[in-house]
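J.: Each chain, letter by letter, is given below.
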Amino acid sequence: MDVFKLFSRENSSSKNVAKERLRLVLVHDRTNCSPHFLEMIKGDLLNVISDYIEIDEDGLDIKISKTKRSIDDAMVPALIANIPIKKMKAK
Amino acid sequence: MGEVIVVTSGKGGVGKTTTTANIGTGLALEGKKVVVVDADIGLRNLDVVMGLENRIVYDVVDVVDGVCRLRQALIKDKRYSGLFLLPAAQTKDKNAVNPKQMQTLCNELKEMFDYVLVDCPAGIEQGFKNAIAGADKAIVIATPEISAVRDADRIIGLLEAAELRDPLLVINRVRIDMVKRGDMMNIEDMIDILAIDLLGVVPDDEAIVISTNKGEPAVVDNVSMAGKAYRNITKRILGEEIQFLELDGQEGFMSRLRKLFGMK
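One line per chain: the protein sequences are S and B, in this order.
Per full-length UniProt numbering, the very first residue in the first sequence carries number 1; after that it's consecutive.
Per full-length UniProt numbering, the very first residue in the second sequence carries number 1; after that it's consecutive.
No lab work stands behind these hints, which were simulated from the structure alone.
These numbers come from a predicted model, not from an experiment.
Accuracy of the hints is not assured; some may be wrong.
Below, computed lysine to any residue pairings styled on SDA-like, alpha-carbon distance capped at 25 Å [what the hints assert, rightly or not]:
{"no.": "1", "chain 1": "S", "residue 1": "Lys15", "chain 2": "B", "residue 2": "Ile191"}
{"no.": "2", "chain 1": "S", "residue 1": "Lys63", "chain 2": "S", "residue 2": "Ala78"}
{"no.": "3", "chain 1": "S", "residue 1": "Lys19", "chain 2": "B", "residue 2": "Arg181"}
{"no.": "4", "chain 1": "S", "residue 1": "Lys15", "chain 2": "B", "residue 2": "Glu145"}
{"no.": "5", "chain 1": "B", "residue 1": "Lys214", "chain 2": "B", "residue 2": "Lys228"}
{"no.": "6", "chain 1": "S", "residue 1": "Lys42", "chain 2": "S", "residue 2": "Val76"}
{"no.": "7", "chain 1": "S", "residue 1": "Lys19", "chain 2": "B", "residue 2": "Gly123"}
{"no.": "8", "chain 1": "S", "residue 1": "Lys87", "chain 2": "S", "residue 2": "Val76"}
{"no.": "9", "chain 1": "S", "residue 1": "Lys19", "chain 2": "B", "residue 2": "Asn213"}
To give a feel for the contact side, a few chain S residues facing chain B, derived at Cβ under 10 Å [stated by the list, open to error]:
{"no.": "10", "residue": "Ser12"}
{"no.": "11", "residue": "Ser14"}
{"no.": "12", "residue": "Asn16"}
{"no.": "13", "residue": "Arg23"}
{"no.": "14", "residue": "Val25"}
{"no.": "15", "residue": "Leu26"}
{"no.": "16", "residue": "Asp29"}
{"no.": "17", "residue": "Leu79"}
{"no.": "18", "residue": "Lys86"}
{"no.": "19", "residue": "Lys87"}
{"no.": "20", "residue": "Lys89"}
{"no.": "21", "residue": "Ala90"}
Label pairs and their computed distance ranges (CB to CB) [said to hold, decoys possible]:
{"no.": "22", "chain 1": "S", "residue 1": "Tyr52", "chain 2": "B", "residue 2": "Asn98", "range": "52 to 62 Å"}
{"no.": "23", "chain 1": "B", "residue 1": "Ala195", "chain 2": "S", "residue 2": "Asp51", "range": "36 to 46 Å"}
{"no.": "24", "chain 1": "B", "residue 1": "Ala162", "chain 2": "S", "residue 2": "Ser70", "range": "39 to 49 Å"}
Glycine residues also receive a C-beta, built at the ideal position from the N, C-alpha and C atoms.
Looking at chain B on its own, in the form it has when it is part of the complex (with noise of 0.2 Å):
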């Protein structure tokens, strides 16, 4: 029986379908079989951040209403063996789908999958009471940015109420530059805001934009800090315990942290 983990921030654009691809296809890389669920009716984009645009026949959707079977909707990805992608509807909203639907999806996926990823939409509606609806955890994303922190403490609270605890975080989109002038939160400004435990820090990176641009998930590459940051979240998704990037090399910095993680 597999897990169900939804990736989620309330804000918009912090990068929720590119940790869902690059995750999912960590995943894959390290031998589980996993499906990424696109959640985001009316606005799939899970589809093109994994380069798998050309091959949807049919959509989650469809399997809700009966139109096709659950295997007829799932796309393999022919490059990496145990992925597959349920893309989202593109002409329908929201409404398509209830949280009822969403829960008896997701435990048919979970029979099928070692892990179910589902890549929640932005805001609090019913596009995000869809996609938690049948998951056992869930990942929240959040920039240091002030607005990205406020939205990711609501989600937290939500998600609470939901009854899905311990949700964990991954800061995205670091600039260390900026982090050592002062002029951005750190990963410790954050845990102590948001106070749930850390799951990984991704660099801001061009490697993001281009592999987005290429369809090829940065987790896959060997050289990128943002796909060696990703590697890392799937291990300890995996359970094992893989320390924190160094990300500016300064002793300061991770000192701080790991005196953090030691007092837990």
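Just chain S, with the same shape it has in the complex (with noise of 0.2 Å):
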């Protein structure tokens, strides 16, 4: 949440919204992904999960995002998901 707090002031300015706003938007458009393309990964990702966690679904996030390449360095594009735990399923 810190984190947050520190970087608002910067964030604010509209330049930093319209490259925020880009970034995302671009990544879709390189990756050819269409939000209801993350929708059904994310209903499997949850049939899934939900076998052996119980997890928050409204807190869940998921995304495409960039990364850097631990080889070189090169941005790649990244399935990133946020799933907040509840707790652990007994076995």
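Build the complex: two chains, separate frames, hints provided.
T.: Put into structure tokens, the structure is as follows:
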């Protein structure tokens, strides 16, 4: 949370809003991945994980972002899922 | 043997034609033999921006169709030696020419000129494919707006797919006051997103509107910021190392930019 506070002033300028929106839209453009496609992945992930873990479905965030590839530092698309855990299911 | 450079952007209205006219004229002022080719068939404008609209007899479609010889369609700009225009047809559409024909045409022009600058139409369809068909290099124009940058990114991808590698970026219509306020993406932001090398930065300048009104490219005048920016771009194309314009006189901005380039 503090991290967000730290960047809040910087992020409020409209060029940073533009930049952030561009980053997201370009990742989708470049990977040819639609929001509908993401929703499908999200649904399937939920189904699989729910067998083992009780998760907070409202807090689930899944997106395509960019990350540095470790071998040559080239920027590559990455699927990032942030899945808050409520509790582990007893096996 | 000359070099064919296509000026493209994806989005319309970001300054392709103005940039083509200014770089073409700038290269002619530097003593090069230059032809600017209007590939925007059906919506020609390079002729009016260059102030040569009253001299058109034949156009690029006439050349391709064999109605006239190539030399007959070339309009010599009497003000600047070595500068020629090959106008687009106004009454035809993009399908009047195909990529193969454009390639042949560009190869022929390369034999005659040091630089062949092709003004690409907006969009990614036939007109774009025609314009890039004979190109050796590409210049991508983008303004610091979300839509222009997005389209530029798409164009860069399409250029790479067509094996036109390492396109160079011209950032057009930068408003220094807005960049300072944080309400416009700066040069660093745009290079960061598009990940291509920078060829030049042109400030938003009334001089461009005035010079277009008159049909005299701004690169010729010695006072305007935009004219200066285009002269610098011309010199960089010729291989000179020219520092990027001090757009705002603010230390932080330019030193950040230099650092960016020092790092490379």
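J.: Each hint needs a verdict: does it hold in this structure or not?
T.: Outcome of the hint check:
1. Lys15(S) / Ile191(B): Given that 25 Å is the threshold and the Cα spacing comes to 14 Å, the pair holds.
2. Lys63(S) / Ala78(S): holds, 8 Å
3. Lys19(S) / Arg181(B): Roughly 15 Å between the alpha carbons, so the hint for lysine 19(S) and arginine 181(B) holds.
4. Lys15(S) / Glu145(B): holds, 9 Å
5. Lys214(B) / Lys228(B): Status holds; Cα separation ~18 Å.
6. Lys42(S) / Val76(S): The given pair, whose Cα atoms are some 21 Å apart, holds under the 25 Å limit.
7. Lys19(S) / Gly123(B): holds, 23 Å
8. Lys87(S) / Val76(S): violated, 33 Å
9. Lys19(S) / Asn213(B): The hint is violated at about 34 Å.
10. Ser12: For serine 12(S), the interface hint holds, since the closest Cβ of chain B sits about 9 Å away, which is under 10 Å.
11. Ser14: Hint on serine 14(S): holds, closest Cβ of chain B at ~5 Å, below 10 Å.
12. Asn16: holds, 7 Å
13. Arg23: holds, 7 Å
14. Val25: holds, 6 Å
15. Leu26: For leucine 26(S), the interface hint holds, since the closest Cβ of chain B sits about 5 Å away, which is under 10 Å.
16. Asp29: holds, 6 Å
17. Leu79: Since chain B brings no Cβ nearer than about 20 Å to leucine 79(S), farther than 10 Å, the hint is violated.
18. Lys86: Constraint on lysine 86(S) not satisfied, violated at 37 Å.
19. Lys87: violated, 41 Å
20. Lys89: Violated, because the Cβ-Cβ distance from lysine 89(S) to chain B comes to roughly 42 Å (cut-off 10 Å).
21. Ala90: violated, 47 Å
22. Tyr52(S) / Asn98(B): 52 to 62 Å: 58 Å Cβ-Cβ, so the 52 to 62 Å window holds.
23. Ala195(B) / Asp51(S): 36 to 46 Å: holds, 41 Å
24. Ala162(B) / Ser70(S): 39 to 49 Å: At roughly 31 Å between Cβ atoms, serine 70(S) and alanine 162(B) fall outside 39 to 49 Å, so the hint is violated.
The structure shown violates the earlier hints numbered 8, 9, 17, 18, 19, 20, 21, 24.
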